[in-house]
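Chemist: Here the protein sequences line up with chains A and B, keeping their order.
Sequence positions in the first sequence follow this note's numbering and run 4 to 187.
Sequence positions in the second sequence follow this note's numbering and run 23 to 732.
Below, computed lysine-lysine pairings styled on BS3-like, alpha-carbon distance capped at 30 angstroms:
| id | chain 1 | residue 1 | chain 2 | residue 2 |
| --- | --- | --- | --- | --- |
| 1 | A | Lys162 | B | Lys127 |
| 2 | A | Lys45 | A | Lys91 |
| 3 | A | Lys120 | B | Lys259 |
| 4 | A | Lys161 | B | Lys127 |
| 5 | B | Lys245 | A | Lys112 |
| 6 | B | Lys245 | A | Lys120 |
| 7 | A | Lys119 | B | Lys233 |
| 8 | B | Lys245 | A | Lys114 |
| 9 | B | Lys164 | A | Lys109 |
| 10 | B | Lys150 | A | Lys105 |
| 11 | A | Lys65 | B | Lys245 |
| 12 | A | Lys38 | A | Lys83 |
| 13 | B | Lys164 | B | Lys245 |
| 14 | A | Lys132 | B | Lys259 |
| 15 | B | Lys136 | A | Lys112 |
| 16 | A | Lys65 | A | Lys76 |
| 17 | A | Lys112 | B | Lys164 |
| 18 | A | Lys119 | B | Lys258 |
| 19 | B | Lys656 | B | Lys627 |
| 20 | A | Lys109 | A | Lys161 |
Simulated coverage check for chain B against chain A, where a stretch passes if three residues somewhere in it have a Cβ under 8 angstroms from a Cβ of chain A:
| id | stretch |
| --- | --- |
| 21 | 136-149 |
| 22 | 273-281 |
Some chain B residues close to chain A (C-beta under 7 angstroms, calculated; not the full set):
| id | residue |
| --- | --- |
| 23 | Asp284 |
| 24 | Gln287 |
| 25 | Ser292 |
| 26 | Ser295 |
| 27 | Leu296 |
| 28 | Ile298 |
Derived from the structure by calculation, the hints contain no laboratory data.
Ideal Cβ positions, reconstructed from N, Cα and C, are used throughout, including at glycine.
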Amino acid sequence: MLFFKKISVIIITIFVALLIIDRFYQSEVNEILIKDVVINAKENIRYLNFKQEINIDSPIRKAINNGIPLVFKVILKIVKINDILPNKTVSKEIRYYQIEYKALRKVYKIKDINGKKYEYKHIDEAIKKISTVEDFEFSIIDNHINHELWLNVSLERKKLPKPLQVNYFDRTWYMNSNKSIHKL
Amino acid sequence: MKIKLKYLITTAAFIGIALLILLAKAISNSDLISSDSFRILLGLNIFFICSLIGLIGVQIFQLLQSVKKEITGSRLTLRLVLSFALMGIVPVLIVYLVSVNFLTKSIESWFDVKVESALEGGLTLGQKTIDILMSDIELKGKSIAYSIGNAEVDQRNNILTDLRAKFGIQDAVIFDQDSLIIEVSSERNNLIPPIPNIEDLERGSRDFFGKIEETNGEQIFLKAFIPIISKNVMSKKLILQLTQPIPPSIANLALSVESVYDEYQQLTYSRNSLKIIYILTLTLVLLLALLSSVAASFVISRKFSSPLAMLADATREISKGNYKKIISEQGKDELGILIKSFNSMTSQLEQATKNSEKDRERLELARTFLETILAHLTTGVIVIDEKKIIRLNNVSASKMLQNKESKMNNKLMSAVISDNKGFEPLYEFISTYIVDNKENKKEVSQEFKLYKDNRERTIMLQITPLNDKKNKTYVLVIDDISEVTEAQRHSAWGEIARRLAHEIKNPLTPIQLSAERIQHKFGNKLNKEDAIILERSTNTIVNQVNSLKIMVNEFAEYARPPKIQKDQIRIDNLIDEVIELYEIDKIIDVKKDKNIPIIYADQNKIRQVIINLIENSKDALKDSKKPKIRIFIKKKVNEVELILEDNGIGISDEIIGRIFEPYVTSKKTGTGLGLAIVHKIIEEHNGDIKIERIRNSGTRVIIKLKSGRR
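Could you put together the complete structure from these sequences and hints?
Modeler: What follows is the structure, given as structure tokens:
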């Protein structure tokens, strides 16, 4: 019994250590900065437009040029803020946009959140294009007092090739934005 | 505890192996397991490794503690663990290093330069083909655009249709700058062309712009945008869009080359990650294998060392005399046989020890019995060897030879005798016997008259040789028979005295009466001279008869049967009373302790003793210039001591040993029965009397009488 007590203490210590290490790694991510958020209204439909500063450095550019597609995930949440009870997510929308190099045609292919495709000869043009998200359509209820829009953009690591996915030591592919909150 | 550890390690090993298989599968087939699953697997593996490290750490700590506390078997366990661990670590490390090297080189070999060149060549070929097709459509498009630009508005559709058909273009659409369709011509009927991107139109309005588009991933098209320069400067700017499918055979090949090229490029880019993951997996395998083997080495080492530790413990217990320690039998191997033999040996030892203990107890009992007998014997018993070293003696022998109960063991007989003057003849006899009777094992006995403490002692010595094969030993039985002989002498004297008193006393009175009658009858009838002679003779007879009567009375007193009438008396008062009779002499000095206890004695007899002794002293002081008699009455434990000293002529050495015997006296007159009677009275009171010479001159008599009311 004493032995198991000792062992359980060791196991808990190791587990906590692993959690701390994991948190430490999670904290070291390439940040995506969301800015210039504009919400246009047309009746109950809202159109979200915003810009991003994505730190696409040399290794990522090299990866794109090697045909590795980068898929970004945009999560949009409409959250009802509650002072006492926990906040309630009223609706949640997930969209993807991506950049991919097509070696045959030597173009950078962009697919935006609405599925529209664009092709650019130069990577900078393509990056500029993906830095702007336009016409993210979402609906809201009539009475939306105390509602907030929470926005988060991250690189979808699951869409990367498996070797890059499981290489947890390479922090290049941890790209995430902070939660961007906007009053509705 | 050990069983639990064993199960724990086995479980950990199985889980670890399962996790490693999953991990390997995850790496070999990326579609099978998602990155999250892989992450969980990786985490679980690391967790198990950490758990094993913790477990081993605890085990090492416990083992080191055991070594520090010098627990039996811990050092052996440590040595075995180190050996097993080393045996596991070295080969596994070698395999690991070789595997890592092999793996790295294998991954690198995947990315062959020739393959890369071939793929690039294929891709370039595809690109060139598309470029040719694009150049072709550019030429055709420019020709159509030129024709339409120079044609009238109403002829545009015909010219577009004719030229499209002529050049074999699938679709031709004219847009204005606002993306409005102006004209359409297509192989396909009722075509409603999709509106192109504004950006594409803008680029197409400036110059030729071609691109490739895919439809549902099945077919690829060449799409060209060519500006139409109209002859009418005022008219709207138009853009011709041509759509031409690439032949499927070319398109499929090009797409497949692109796909493979992309995969190859992705793989090339990911090769470092691949290496890291494979090496990580291999490292996890190594660590799991290593740590499992180290953890298992603890179990195995304990399994090996525990029987030996138990054996060592049991041996230690047996050396302490605990034969109850039985080791539980373990297996049927050599260790099991050893333990079985050990248990058998222990039970045999226990039985033998019990028997030996019983024998020892019996011997001890016999020895104690013998010692008790010897200790209570008044006879002295001494065992000596050939060198006359005392090997054994009883208390009586010590008392006899040393006057104390100190041990004489391992002392030389000569040294003991030299401390006790008077026993030299005894030693000489023993020495002579040993020399003369080396081979002769005859038992001898001899009586000795020795002088000890100024008293004659009769000692009976018996020497018995013992039949000891190794050492020749002799048993000396020394018996002080002085008191027996003395008692015998006293008894003989008593008998003589009784007979003398009886035979002599009866005729004395008739003799005295006859003499007085003769005097009375014939005294007046004889002449004066004869009468004087008669009177003198009869007086002599009467005086001598009186003397004989006194002597006979003393004999009668000595010979009388012991008949005393005891009562509680105070001896100090009795002495005071007696010395009053001698007060005129003023030579007696009495000193007495306070609170002299009462004694239970015959007052008349004790008075007689005191008077006899004082009379003796007075006789001894006749020629003394400063006669002095000193009497001490001392209070002792349970007794009263009476000491009477004088500074008279004393008693010679010749007779002092026999002074209490009748007719032994240094006086010229007297019967010699005074001290004999004194001695007899004291003995009748169970007291003790001793007489000794005072160094310069004089005699000291010491009497000890029991105090108490009964």
